[in-house]
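Novice: Sequence lines, in order, name chains A and B.
For the first sequence, this note's numbering assigns the number 38 to the initial residue and increments by one for each residue that follows.
For the second sequence, this note's numbering assigns the number 38 to the initial residue and increments by one for each residue that follows.
Read the hints as simulated data drawn from the structure, not as lab findings.
A virtual CB, placed ideally from N, CA and C, is assigned to each residue, including glycine.
Please note that the accuracy of each hint is not assured.
Said to hold, decoys possible - Listed next, with one range per pair, are the computed distances between beta-carbon atoms:
id, chain 1, residue 1, chain 2, residue 2, range
1, A, Glu103, B, Gly304, 16 to 22 Å
2, A, Gln149, B, Ile255, 29 to 35 Å
3, B, Glu300, A, Arg123, 21 to 27 Å
4, B, Gly359, A, Ser115, 22 to 28 Å
5, A, Glu103, B, Arg94, 32 to 38 Å
6, A, Arg49, B, Pro297, 30 to 36 Å
7, B, Ala333, A, Glu207, 31 to 37 Å
8, B, Ala208, A, Pro282, 54 to 60 Å
9, A, Asp213, B, Ala357, 37 to 43 Å
10, A, Val57, B, Asp118, 29 to 35 Å
11, A, Arg49, B, Arg335, 38 to 44 Å
12, B, Pro297, A, Glu103, 58 to 64 Å
13, A, Thr190, B, Asp118, 55 to 61 Å
14, B, Arg94, A, Arg396, 47 to 53 Å
Stated by the list, open to error - Selected chain B positions facing chain A (in silico; Cβ < 10 Å):
id, residue
15, Gly75
16, Met122
17, Thr161
18, Tyr218
19, Gly222
20, Glu223
21, Leu306
22, Arg347
23, Ala389
There are 2 protein chains.
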Amino acid sequence: MVEAVDPDEASRRAREAGLVFQREDPLNCETPLGALIGGSVMPTRRFYVRNHFQIPRLDPSSWRLEVGGLVERPSSLSLLDLHNMRSLTLTVTMECAGNGRALLDPPTDGEQWGLGAVSVAEWTGVPLVDVLERAGVKAAAEEVLFRGADGGTVAARSGVTRFERSLSVEAARDPDVLLAYAMNGEPLPVEHGYPLRLVVPGWYGVAAVKWLTEIEAIGSPFTGFFQVDRYIYEWERDRRVVREPVTLQRVRSLITEPSPDGEVEPGVLAVRGVAWSGAGLIARVEVSVGDGNWEAARLVGDQQGYGWHRWELITRTRKAGGTTLRARATDLAGNTQPERPEWNRLGYGSNAIHEVSIRVR
Amino acid sequence: MVEAVDPDEASRRAREAGLVFQREDPLNCETPLGALIGGSVMPTRRFYVRNHFQIPRLDPSSWRLEVGGLVERPSSLSLLDLHNMRSLTLTVTMECAGNGRALLDPPTDGEQWGLGAVSVAEWTGVPLVDVLERAGVKAAAEEVLFRGADGGTVAARSGVTRFERSLSVEAARDPDVLLAYAMNGEPLPVEHGYPLRLVVPGWYGVAAVKWLTEIEAIGSPFTGFFQVDRYIYEWERDRRVVREPVTLQRVRSLITEPSPDGEVEPGVLAVRGVAWSGAGLIARVEVSVGDGNWEAARLVGDQQGYGWHRWELITRTRKAGGTTLRARATDLAGNTQPERPEWNRLGYGSNAIHEVSIRVR
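Here chain A stands alone, though its shape is the one from the complex (with noise of 0.2 Å):
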């Protein structure tokens, strides 16, 4: 059995697996989308990655996770031990907060990434709610704090960072909010957080901590680096920035076929695609093929649990050469997908339609 616990191996096995590298050291790669044909989820090896530090080699006999702070019974978990609770899979979502990030004008700091920084897992473990029941959180906790291993040294603070990031009592309380230990039916890849990480659904991923050691409940609103240095929205609105935390990830629909720049056979195209949102399910995705007409894709088979929905329009081509396609998602909350990407300082939650341009032969 290959086991993927070797942190000098993700490399190797992400460039197999034809990921598409931002960086190197801390490993960050998107999903070769096109690759994708009909999958609820993405396979495991070409699930894109976003490191902010380097991985942590841990030692699974020896890992624990602590659970205290304002708890009434503070804790130390095995894997064994968390293994032998109840278990919960769902279906979710993950992405970046900065996919689309390459696509702002003009550029802003950070990863950029293209479109592939998104991939849908499913993912298995103990629902966060029984290991804080067990703990019993005291009235006085007004967030829950989530600990991973990793860290390092990030711009304007000194000594080391680690990654750190909060959620509300009643967020962390959500039945469907898993510590996953398993991931499309093996243990979590090393890149992926082994051999544990928070997975809050419908939420951008930087919520999903890997590498997790420790949760603790605080009394006050967390401040660290990566809850409110980072992913936090700068909007500009009525001459005044106005800030605003990262949150649920904003609709959005992918074309996966055809590929960007492909050629094609006169007559029938098919194109396909994926759509999700963290406000709610797919109501509709909606196609132009060059004229600008928008035609209702077909919604394939259930979505499941969080996952993205996949889309098809069997149509056919208007005419030989150049022609754009482009797919706008709309969710069941009424969000739907803007023309132009909204800049904002930090470059996250680009969601803009998204085009493809072809050839037709």
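Fit chain B to the supplied structure of chain A, relying on the hints for placement.
Specialist: Frame of chain A; chain B shown alone:
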């Protein structure tokens, strides 16, 4: 991108993924079921492999699916033609009819499968009924014959026998029968039938013809080797031999955790597994720990399509030393697993209650 279309590589990939080899040539190997953690589907590289002949080497650019016989409009379809038709994705359990044959007493001929000749995948392709409707099956047709590109010599028949199987026209028209070109979001690997295989939900794997090249509507029952000389139950009933074709998968549950002959800590004991039936959804799974009393296991999540249902029981160990775990599934059609497998000459459908010995420390 690693392409999985080289037959010479299939065996190496299987070995790397930890499959349990039955035979190297033709390649036959079982999935290591215990390695599955919370998966609705089996990761493709660990999906069991059943071949009757050597894996054929097909060129996708010249490959065609010929549709002929008693049809109004014979046709020859390329991969692109199929790709340009409406797609369907289904999660379907595939099980070899010989799964569990090694448990039969006295032994029978055939591959001596343990219990790992079963896996689940998400299959994507074109509904067979769409292809049949385009062709226009004539009223005189009684069956639809499916021919794979694989062949070789078989016992008591001269010349080369191709792998061929038929379905009644009615069964072939089931809207969920698929001409699958993808598996778990990727093109079929060659050992699983690249570029196209039939998938018949609920049926034993023999119906799922791989490397499909021809579909022929025929006017009388097919009598090929794999239809009438193999994949036939020969039961002895009331001192007479009764022959019956192998069709739907019989109800079965398998314990995936803890591992057979494994050691567990005293105290909390998590027993997990999967259950499925070709005759309908799973109604319940019961587990006994040593003492023979049956406890109801919890069915985890929704059963997806024709996939297996995962189940778990969080219980406690009774005492130190050796003990036996047993699991028994019952489907909504009322079928349950027998105490002992029902012996038949060719060793099919062996679905007795699964028993696993463990040791409590």
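Novice: Does each hint hold? Answer for all of them.
Specialist: Results of checking the hints against the structure:
1. A:Glu103 with B:Gly304: 16 to 22 Å: holds, 21 Å
2. A:Gln149 with B:Ile255: 29 to 35 Å: violated, 59 Å
3. B:Glu300 with A:Arg123: 21 to 27 Å: Holds - the Cβ-Cβ distance for Glu300 (chain B) and Arg123 (chain A), about 23 Å, lies within 21 to 27 Å.
4. B:Gly359 with A:Ser115: 22 to 28 Å: Since Gly359 (chain B) and Ser115 (chain A) have Cβ atoms about 25 Å apart, the given range 22 to 28 Å holds.
5. A:Glu103 with B:Arg94: 32 to 38 Å: violated, 55 Å
6. A:Arg49 with B:Pro297: 30 to 36 Å: holds, 34 Å
7. B:Ala333 with A:Glu207: 31 to 37 Å: With a Cβ separation near 33 Å, Ala333 (chain B) and Glu207 (chain A) satisfy 31 to 37 Å, so the hint holds.
8. B:Ala208 with A:Pro282: 54 to 60 Å: The hint (54 to 60 Å, Cβ to Cβ) holds, given that Ala208 (chain B) and Pro282 (chain A) are roughly 55 Å apart.
9. A:Asp213 with B:Ala357: 37 to 43 Å: holds, 38 Å
10. A:Val57 with B:Asp118: 29 to 35 Å: holds, 30 Å
11. A:Arg49 with B:Arg335: 38 to 44 Å: holds, 40 Å
12. B:Pro297 with A:Glu103: 58 to 64 Å: This hint is violated: roughly 34 Å between Cβ atoms.
13. A:Thr190 with B:Asp118: 55 to 61 Å: holds, 56 Å
14. B:Arg94 with A:Arg396: 47 to 53 Å: Hint violated: Cβ distance 32 Å, outside 47 to 53 Å.
15. Gly75: Since the shortest Cβ distance to chain A is 3 Å, the answer is holds.
16. Met122: holds, 7 Å
17. Thr161: This hint holds: Thr161 (chain B) lies near chain A, its Cβ roughly 3 Å from the closest one there, short of 10 Å.
18. Tyr218: holds, 7 Å
19. Gly222: holds, 2 Å
20. Glu223: holds, 6 Å
21. Leu306: At 7 Å from the nearest chain A Cβ, Leu306 (chain B) passes the 10 Å test, so the hint holds.
22. Arg347: holds, 7 Å
23. Ala389: Result: violated, 26 Å to nearest chain A Cβ.
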